[in-house]
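Taken in order, these protein sequences are the chains called A and B.
Just add 57 to the spot in the first sequence (first one is 1) and you have our numbering.
Just add 57 to the spot in the second sequence (first one is 1) and you have our numbering.
No lab work stands behind these hints, which were simulated from the structure alone.
Accuracy of the hints is not assured; some may be wrong.
Copies of the same chain look alike in the list, so a pair counts if it fits in one copy or across any two.
As a list, the in silico DMTMM-like pairs of lysine to aspartate or glutamate whose alpha-carbon atoms are at most 25 Å apart [what the hints assert, rightly or not]:
#1 K265 <-> E307
#2 K265 <-> D170
#3 K265 <-> D319
#4 K265 <-> D254
#5 K119 <-> D217
#6 K132 <-> E395
#7 K185 <-> D78
#8 K389 <-> D403
#9 K220 <-> D292
#10 K119 <-> D283
#11 K120 <-> E299
#12 K185 <-> D303
#13 K93 <-> D118
#14 K120 <-> D303
#15 K93 <-> E287
#16 K389 <-> D348
Letter by letter, the chains look like this.
There are 2 protein chains.
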Amino acid sequence: MTPQTLQVTEPLALACGRHLDSYQLVYETYGKLNAKASNAVLICHALSGTHHAAGYHSADDKKPGWWDHYIGPGKPIDTNQFFVVALNNLGGCAGSTGPTSINPATGEAWGPDFPILRVRDWVNSQAKLADALGIQCWAAVVGGSLGGMQAMRWTLEHPDRVKNCVVIASAMKLTAQNIAFNETARHAITSDPNFCDGNYLAHNTSPKQGLAIARMIGHITYLSGDGLGERFGRDVRSGSFEQGQDSLVEFQVQSYLRYQGDVFSDNFDANTYLLMTRALDYFDLAREYNDDAAQAFARAKARFCVVSFTTDWRFSPERSREIAQALIAANKSVCYAEIESNFGHDAFLLPDQRYEQVFSRFMQTVSAEANQ
Amino acid sequence: MTPQTLQVTEPLALACGRHLDSYQLVYETYGKLNAKASNAVLICHALSGTHHAAGYHSADDKKPGWWDHYIGPGKPIDTNQFFVVALNNLGGCAGSTGPTSINPATGEAWGPDFPILRVRDWVNSQAKLADALGIQCWAAVVGGSLGGMQAMRWTLEHPDRVKNCVVIASAMKLTAQNIAFNETARHAITSDPNFCDGNYLAHNTSPKQGLAIARMIGHITYLSGDGLGERFGRDVRSGSFEQGQDSLVEFQVQSYLRYQGDVFSDNFDANTYLLMTRALDYFDLAREYNDDAAQAFARAKARFCVVSFTTDWRFSPERSREIAQALIAANKSVCYAEIESNFGHDAFLLPDQRYEQVFSRFMQTVSAEANQ
Numbered sequence: 058m059t060p061q062t063l064q065v066t067e068p069l070a071l072a073c074g075r076h077l078d079s080y081q082l083v084y085e086t087y088g089k090l091n092a093k094a095s096n097a098v099l100i101c102h103a104l105s106g107t108h109h110a111a112g113y114h115s116a117d118d119k120k121p122g123w124w125d126h127y128i129g130p131g132k133p134i135d136t137n138q139f140f141v142v143a144l145n146n147l148g149g150c151a152g153s154t155g156p157t158s159i160n161p162a163t164g165e166a167w168g169p170d171f172p173i174l175r176v177r178d179w180v181n182s183q184a185k186l187a188d189a190l191g192i193q194c195w196a197a198v199v200g201g202s203l204g205g206m207q208a209m210r211w212t213l214e215h216p217d218r219v220k221n222c223v224v225i226a227s228a229m230k231l232t233a234q235n236i237a238f239n240e241t242a243r244h245a246i247t248s249d250p251n252f253c254d255g256n257y258l259a260h261n262t263s264p265k266q267g268l269a270i271a272r273m274i275g276h277i278t279y280l281s282g283d284g285l286g287e288r289f290g291r292d293v294r295s296g297s298f299e300q301g302q303d304s305l306v307e308f309q310v311q312s313y314l315r316y317q318g319d320v321f322s323d324n325f326d327a328n329t330y331l332l333m334t335r336a337l338d339y340f341d342l343a344r345e346y347n348d349d350a351a352q353a354f355a356r357a358k359a360r361f362c363v364v365s366f367t368t369d370w371r372f373s374p375e376r377s378r379e380i381a382q383a384l385i386a387a388n389k390s391v392c393y394a395e396i397e398s399n400f401g402h403d404a405f406l407l408p409d410q411r412y413e414q415v416f417s418r419f420m421q422t423v424s425a426e427a428n429q
Numbered sequence: 058m059t060p061q062t063l064q065v066t067e068p069l070a071l072a073c074g075r076h077l078d079s080y081q082l083v084y085e086t087y088g089k090l091n092a093k094a095s096n097a098v099l100i101c102h103a104l105s106g107t108h109h110a111a112g113y114h115s116a117d118d119k120k121p122g123w124w125d126h127y128i129g130p131g132k133p134i135d136t137n138q139f140f141v142v143a144l145n146n147l148g149g150c151a152g153s154t155g156p157t158s159i160n161p162a163t164g165e166a167w168g169p170d171f172p173i174l175r176v177r178d179w180v181n182s183q184a185k186l187a188d189a190l191g192i193q194c195w196a197a198v199v200g201g202s203l204g205g206m207q208a209m210r211w212t213l214e215h216p217d218r219v220k221n222c223v224v225i226a227s228a229m230k231l232t233a234q235n236i237a238f239n240e241t242a243r244h245a246i247t248s249d250p251n252f253c254d255g256n257y258l259a260h261n262t263s264p265k266q267g268l269a270i271a272r273m274i275g276h277i278t279y280l281s282g283d284g285l286g287e288r289f290g291r292d293v294r295s296g297s298f299e300q301g302q303d304s305l306v307e308f309q310v311q312s313y314l315r316y317q318g319d320v321f322s323d324n325f326d327a328n329t330y331l332l333m334t335r336a337l338d339y340f341d342l343a344r345e346y347n348d349d350a351a352q353a354f355a356r357a358k359a360r361f362c363v364v365s366f367t368t369d370w371r372f373s374p375e376r377s378r379e380i381a382q383a384l385i386a387a388n389k390s391v392c393y394a395e396i397e398s399n400f401g402h403d404a405f406l407l408p409d410q411r412y413e414q415v416f417s418r419f420m421q422t423v424s425a426e427a428n429q
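Modelling step: build the complete structure from the supplied sequences, incorporating the hints.
Right, dumping it as structure tokens:
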């Protein structure tokens, strides 16, 4: 897989009232677009995802793309059937224009001056990518978590350009608890002295400690309590509980979290993290539809597949049932599956037979229509 | 209420193998000790509690002690019936010897050199306080959360000195998830540049930002998701969602958390916070009893009352049921109540009619025996 880059020179009007004169989007594609351009599937990523959703960039790569379990030949998003498009969202830090990019107006990195983005801005920039690729209508727009919010927004903003919508482990809006976790993560970043009001690049530094803490909070809450327990329990990595040992005990779960935090903070941009979590918090599908989700979905023309996981407590099954119920109230076609899983929110990324079956079955109907 | 201080000059051997040559414990008492000294109740505090459990210190006080809902005349822990003792634990920062106290060996604050404490160390120092007050046997030892761990440990370490034991919203050991949250909180503190390896007092500073983040994590997780939702929802405090408003939106729940974090970090010692959370993480009631809780409780002579709250997800009802089951297996007297509450772990501090009824009824039987 080799990433490609789309350079857009037409200005993009943003929800916040500002606009971007030009921007670039980095993306990958898997499979072949058919003659009618009717078999294209858009993958929308979540908080820390990228355009590298499947496959390997080189033989040396240790890990494949982030959703390789579900994208590939014979997999639910079957690259023998579909032309799959995965991009790094605007505001990201994996190649698309974002806070680490140069602001043409100043010749320096955007940093904290990068515009505040909403989910609809991603949808609109993704539509430009679709135009460039000659895709008038997606066979499906698919996403988990924040990606599911983009998939839903697509069906409202561009109802004629989405035939099917797959919404996994997502929500029509976040709960107060979810916002509170994101806020604490953001506070850890912005109160890091190396944050420098967001101008850390200009100061040749990075709020790594804050970003690591943000990631640690994320990690705990995206896993289930039982999942953490099964994986780590109270296993001790160093130190001792023996009487007469004046040493600090380090649990396995501690070293794991610290390691995850450190790896993440070495590779991710803090301003992007702030931007992504704010887009999550601000998303409210029905805000401009009198807070009536059924009224919102009335615009949609897509068929929907909604999936949740039993132990996901940040995007709980209740949130997905609300989506399904709003779709039913709007008289839309929806299939809803609640998958037994022990892996919390992370389940949407992990192999699971039932999940795979549900996902495959739905995508087979999409393929049958797309390739007829 | 006026706090008193006990100065202990007899050395205290600690579980870590070190000892304290001398130390002081600050405490308050409510009610009167009867002639037989049989009506004394010990209150064990949790993470951030103090000796000021009930009543007011002066007419100017804005808030009473931390458990004033449950301690006082006619309340469950009825000060007309009981002589109630509440202390600040060793290692605390409210007056008892702890990391902010002067280390006699150096003439400077202990700071990070203060010994690592285990729950049993608190129990043993509380026993010295009992000796000093002429209390051979407690009518009851009572605690919530980390305080409940102390209450349980009392019944194993000093079985003849505890007639009744009330364990509220507690656990025999923490789960991996709980440890993970504590670890993230500790990491926020220790990675704050003002932490100075724990020697912040010597540097005339304080890791306030880290401590505030630790408290924010605590706050979210000690409340239930529904409780946060009912209290704050997605209400906005400042900023706007209107199109064309390039402003950051601040949710009510954000300002609340930041405020709570700031207030706490102005008033609490970071090394004490580390010490208290480590005691929580390290506690494992049955570790030295072949990991068999029934075997551990076989030593106990007390009658038990165990209480949990339905939406408490850090010390879930399941953990309390484990305590009750181990007590039953050990053939001990136990009453267990699971209280419907929307307030998560914090419920143990808040007014609630059912909780009050259960608690009062149990304490009435304690009083009947104590004062006969």
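Open item on the list: One pair to classify: K265 and D319, alpha carbons no more than 25 Å apart. Within, between, both, or neither?
Closed with: both (8 Å within a copy, 22 Å between copies)
Task: Identical-chain pair category, K185 with D78, by Cα at 25 Å - done: within (14 Å within a copy, 73 Å between copies)
Open item on the list: With identical chains, the pair K389 and D348 could be close in the same copy or across copies; at 25 Å between alpha carbons, which is it: within, between, both, or neither?
Closed with: Close inside one copy (18 Å), not across copies (55 Å); limit 25 Å.
TODO: Indicate which option fits the pair K265, D254 if close means a Cα-Cα distance not exceeding 25 Å: within, between, both or neither.
DONE: So K265 and D254 pass the 25 Å test inside a copy (14 Å) and across (18 Å) alike.
Open item on the list: Cα distance capped at 25 Å. Does K265 pair with D170 within a copy, between copies, both, or neither?
Closed with: For K265 and D170, the Cα distance is within 25 Å only inside one copy (20 Å; across copies 28 Å).
- [ ] If the cutoff is 25 Å on CA atoms, where do K119 and D217 land: within, between, both or neither? Let me know, please.
- [x] Answer is neither; intra-copy 40 Å and inter-copy 61 Å both fail.
- [ ] Measure nothing new, just compare the shortest in-copy and cross-copy C-alpha distances for K119 and D283 to 25 Å and report within, between, both or neither.
- [x] neither (28 Å within a copy, 41 Å between copies)
- [ ] Indicate which option fits the pair K93, E287 if close means a Cα-Cα distance not exceeding 25 Å: within, between, both or neither.
- [x] For K93 and E287, neither the intra-copy (49 Å) nor the inter-copy (50 Å) Cα distance is at most 25 Å.
Open item on the list: My question is about K389 and D403: at a cut-off of 25 Å on alpha-carbon distance, are they close within one copy, between copies, both, or neither?
Closed with: Close neither inside one copy (28 Å) nor across copies (42 Å); limit 25 Å.
Task: 25 Å Cα threshold - placement of E307 relative to K265 - done: both (22 Å within a copy, 24 Å between copies)
Open item on the list: Regarding K120 and E299, is the shortest C-alpha distance of 25 Å or less found within a copy, between copies, in both, or in neither?
Closed with: neither (40 Å within a copy, 42 Å between copies)
Open item on the list: Regarding K132 and E395, is the shortest C-alpha distance of 25 Å or less found within a copy, between copies, in both, or in neither?
Closed with: Within one copy, since 20 Å is at most 25 Å while 46 Å is not.
Of the numbered hints listed earlier, those contradicted by the structure are 5, 8, 9, 10, 11, 13, 14 and 15.
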